[in-house]
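For this one, chain H is given, so just place chains A and Z on it according to the hints.
Residue numbers (my numbering), protein chains in the order written: chain H, 1 to 165; chain A, 1 to 321; chain Z, 1 to 760.
Since no wrong hints were added, every one of them can be taken at face value.
As a list, the in silico DSS-like pairs of lysine-lysine whose alpha-carbon atoms are at most 30 Å apart: (1) Z:K89 with A:K129; (2) A:K272 with A:K83; (3) H:K152 with Z:K50; (4) Z:K50 with H:K91; (5) A:K230 with H:K152; (6) H:K91 with Z:K41; (7) Z:K439 with Z:K633; (8) Z:K633 with H:K152; (9) A:K230 with Z:K431; (10) Z:K584 with H:K91; (11) Z:K633 with A:K230.
Taking CB as the label site, the calculated pair distances span: (12) Z:T201 with A:S42: 53 to 59 Å; (13) A:G55 with Z:F630: 34 to 40 Å; (14) H:G77 with Z:E249: 53 to 59 Å; (15) A:R18 with Z:E113: 50 to 56 Å; (16) Z:E441 with A:R220: 36 to 42 Å; (17) H:R123 with A:S42: 35 to 41 Å; (18) Z:D149 with A:G131: 20 to 26 Å; (19) A:P86 with Z:E161: 45 to 51 Å; (20) A:K183 with H:S13: 39 to 45 Å; (21) A:S175 with H:G77: 26 to 32 Å; (22) H:R123 with A:E151: 45 to 51 Å; (23) Z:M757 with A:K192: 36 to 42 Å; (24) A:E151 with Z:A84: 34 to 40 Å; (25) Z:R444 with A:T296: 33 to 39 Å.
Don't read these hints as lab results, they were simulated from the structure. Because the structure is a prediction, the values reported are computed rather than measured. C-beta atoms are modelled at their ideal positions from N, C-alpha and C, and glycine is treated no differently.
One-letter residues, chain by chain:
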Amino acid sequence: MASTRGPNAVDLSLTVNGRIAAAHVPPHRSLLDLLRDSLGLTGTKKVCNEGDCGACTVLVDGRAVYSCITLAIACEGRAVETIEGITSEGKLHPVQEAFIAHDAYQCGFCTPGQIMSIVGLLRTNGRPSEDDVKRAVAGNLCRCGAYTNIVKAGVSAGRSKKARD
Amino acid sequence: MFSYARPKALGEALKLLRNGTQALAGGTDLVTLVRHGLARPSSLVDLTGIDGLRGWTRVKGQGLRIGALTSLSDLESAPAFVKLLPIVQQALRDAATPQLRNMGTVGGNLLQRNRCWYFRDEGVPCWLKGGERCFAIDGENRYHAIVGAQECWMVSPSDLGPALIACDAEIEIASSLGKRRMKLADLFVAPKGRERKEHALRAGELITAVRIPEKALERRGAYLKAMERKTWSFALVSVAATARVRDGKATDVHVVLGGVAPVPWRVTAAEKQLDGTTLDDNSCLAAADLLLREATPLRDNGYKVTLARELVRRALRSLVA
Amino acid sequence: MPQGPRVLKSKDEFEGEIYESTVIVEGRDLPTSQPGDEIGKARPRIDGRKRVSGTALYTQDVQLAGMLHCAILRSPYARARVRAIDASKAEVLPGVHGVLHRFNTPEIEFRNEKELFREEVRFVGDDVAAVVADSEGQARHALSLIAVDYEVLPHVVDLEEAISDGAPKLTPDGNIFDAGSYKRGDARKAMRDAAVKVEATYRTSTQMHNALETHGAVASWDGERLTIWESTQGVFEVRNMVRNALKLEPTQVHVICDFMGGGFGAKLGTYKYSLYASLFSMRIGRPVRCILTRREENLAAGNRSATLQTLKLGGKDGRIVALEHESWSNSGQGRWAANPTGPTNTLYDIANVTSTAHRVMTNAGALSAFRAPGYVEGTFALESAIDELAVAMKVDPLTLRRRHARSATDPRTGNRYSLKRLLDCYTIGAKEIGWSSRKAEGTRGSSAHRRRGLGMSSQIWGGGGGPPAYATVHFETDGTAVVRVGVQDIGTGTRTACAQLAADEIGLTMERVVVRLGDTDAQYGPGSGGSVTLASIGPAVRIAANEAKGKLLAVAGGVLEVRADELRIERGSVVSKGARTPLKEILSKLSNSTIVGTGIRHPNPTNIAIKTFGAHFAQVEVDVRTGEVFVEKIVAVHDIGRVVNPLMAESQVYGGIVQALGFALSEERVVDRALGRVMNANLEWYKIPTVMDVPEIVVRFADVPDRKANNLGVKGLGEPPIIPTAAAVANAIANATGARVRHAPMTKARVLEALAMVEA
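Okay, chain H solo, but in the shape it has when bound (with noise of 0.2 Å):
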């Protein structure tokens, strides 16, 4: 039988770009709130914390979520990376290097979410066209209105070997 946990603290852990962490939170705490708060890692955004923007997009098992309302419990024991996390020993990732060389961004806000969501994409679309960038971001909103050049970014990042590692 499952055991009911909660509505106090409890202690969970998970993967947490390619490491365990462990936490002490509540059952209601969201995923967003414990990786910006709990284990520091603030490269991931709150804007709405209603699932309305995609700035804390974030991959729960290779898939793009929005951590906001996501139950940090219900990632136990699952793989969640964030955007720390696809640097790789100092290395920017190549939808990292394709977002600065296409500029595209303003403001940097909604930049982590929608670069996880590309990164996303392109685990299963390792070549992906114009739309399937534009699909894979239609649930990022940019205020700034970088969307142009972050559709660039996004194909040429594919097109760049390294994408598909």
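Then chains A and Z, alone, in the frame of chain H:
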């Protein structure tokens, strides 16, 4: 706030679902309802650990069965499924966003609560929440119902609902007391009287699967949706239409509207009227008029009648195109 | 010859208005710079790595040891008197460290009011109390335990209701206030004599900024000095407002904004949350964070006013002879109006113009500047009306505009423009969109029931910048030049542009330049509003870099034993008669002696009007059965002087157009009139454009240095591209369908309504 359990078997989950407990699947709606105080579960039962409620199967001659925990993106991106039931992909393509479709499940999509901004504002004591009146009737109602509303003018928000109803979907329901089946169309109820709710599910019940009869797989289908921007919007109006088309003539026509009524809106007389026609413009518009005959738009939503009429025509016309 | 400091009067334009100020200048300005290796080149941002890796530190991300969290109780009523507050339950809640409300907070003068918490709360979302606690959750829970006794008063939230006779009077003087008028020639007489007349009423709805990072601050008092991390467009404005309110010395308030997640005008001001965080921090001695929620952002942190505008135009002999414009703006509880008649008064040389603007007070959150405030709303009305006149006169709308766009002087002041390339913008844009193939009745669209049309609109804006603004440049021993400026980078790329300017001036590659900004420990830099940042700070950076380079060459001459005037710096090396010595070699010999150059922004020339001009052309399709608008292509052509970084400049234009498309087609605050509540204070029903809403965008610049403007020949670009898009789209819709939609946003409902009028 609430306690949490993630059982591994359906039986366990059903036992845990008692008063004050709510089932959690993708959480895309429930988590925000809880955060805004619109749902106050004492405990959440996370269904995502249960095997056997995910994925779809087809047995030739017996139709299609879709597990209630199947994510929307799994349906949308499965080529074999899309080939069987393209209308579902059409409905899902503009439903929410890739992230929400990764998270959201078939069962959760059907059971999502309405998006009326008076209902969602925890500071407004609207009728559906136990208050005395619907604030939309003489308030800001551009997105509200034009037809079928009684005491509450919200609209049924699901894209999947109309599409599946147009395919004669049934749902399988389980509870600790047993199992039952229900026409999907009967799941959706217009809140009225003492029944201030949008779904016919009883406490402790779960949707475990959606079934599409074989006959429906033989029909052509189309789903059209009008939105306030090009994507990521609940429907101003949506139309799901299916029909069997032979020699240019349509039979077994289904037309279901979303975004216009508290439930997916269907008028069988309108569908009957199309039987045997070539789905020509005039027949389509006549059917649309019948569908909307009882429409009584509010101050700001009369445009929905125009939109619905045209989308019904287009969806039906596309079946014979 | 160096000149000592002297005091001058400077006239500068900000958001369309001219302001006179006293400035101190010293030394001489430099002549306009020549093209270099960096300026004018598409360069990726120097802070790009931080932006893409999640390490850029925004205010929201500041986490300090012992930090407490502040939350704000806001009025649920549009207008009410706060009779009593019982916060005792909140105060004893575990984790709560304090509560502020009108009955326990000392008098604090802020924004012309004597108290932080009003006795009469005036909109849903107005501040009632603030709580500080160990966690945000505890603070919010405590809010729910505060009992407030409200006496509810009659309210009005809607613009047209507020100006009608029966509306509750919100002040003894009523709800309507003068917001400026203007007159040249005799419009009434000219109208009488006009052969063709057009009169129409236009409406624009309230647009909400919705910068993705909400407003917020983290304040930390160390016993002597208050450090505030704030998501702001003006670190010095925050410093000055906070220190005035809390009666602190300038040196006691230190404001930092390294990265900020968008502002669009709403973060030009200072808000009460910064004071709560500061007061609590000073009282408790721990850092306090106060970050608004999305809902609060949309209630209490500014908006673009809704407007009602009437325009009358008279035409005769192929020209516009009379123009009358009257406007009413819903400023909510704001004390000013973003005047929509600016473009009417200045864009075209029309002989007879009359305009009157009114500010209307309602029980809604105060307006704030929103990217070209007034000009976006006014241009929608003016440029729509000019097209309506062109149709009535049977003149091509671009031809009609050309006839009134030739003047080299500002019609309002008679001053000559420093540079005006509006006609070039027309020519470039018309060619790019294929204007010559435009049909007066539009053309068939790409499928049944779709019509296609072309439309255009012009824009005028300031953006000349001006003093005061200062910069310093110093060298580190490794040859790195460090630029320090008191401005902030709000996402426009100021940091990168400053690096380009310094690199070119000194003779470095950009990698050897570091820019420190967003910190009031630097000397003053202006707020980033009115598109003034680069044109204000850039010339000062150049002078500082020039001075640092001069000193460096003198030092190099000594070290290399060569006359300084035989030396130059190229790509990081001192070059002398073919010999190259890396800067590092010279600077490392100096030990800790440091070369510092300082730069000051000199005043703009007197009696010269520095303006930006531009034109947008739109190609749209309209589904005449559903009212859906498909914007297929926007061509944007702007005259902004010299373009420093084409890559970032294009980004600005993309962004302006996308926000403008939201204003034009989908963005609209909806307020329930009876409840006074904003029904879509969220990103669900407040529809900002998605990636799918973006058309093909072609960006062109009349890239000519404005030599009279400043030593770089640059002008601003932040605001110009949001101004003309909505009218261009409206005009294209009218061209496609014959239907004139006079209310932005032009939703399906409104387009269908306008189409029905045409059919009827």
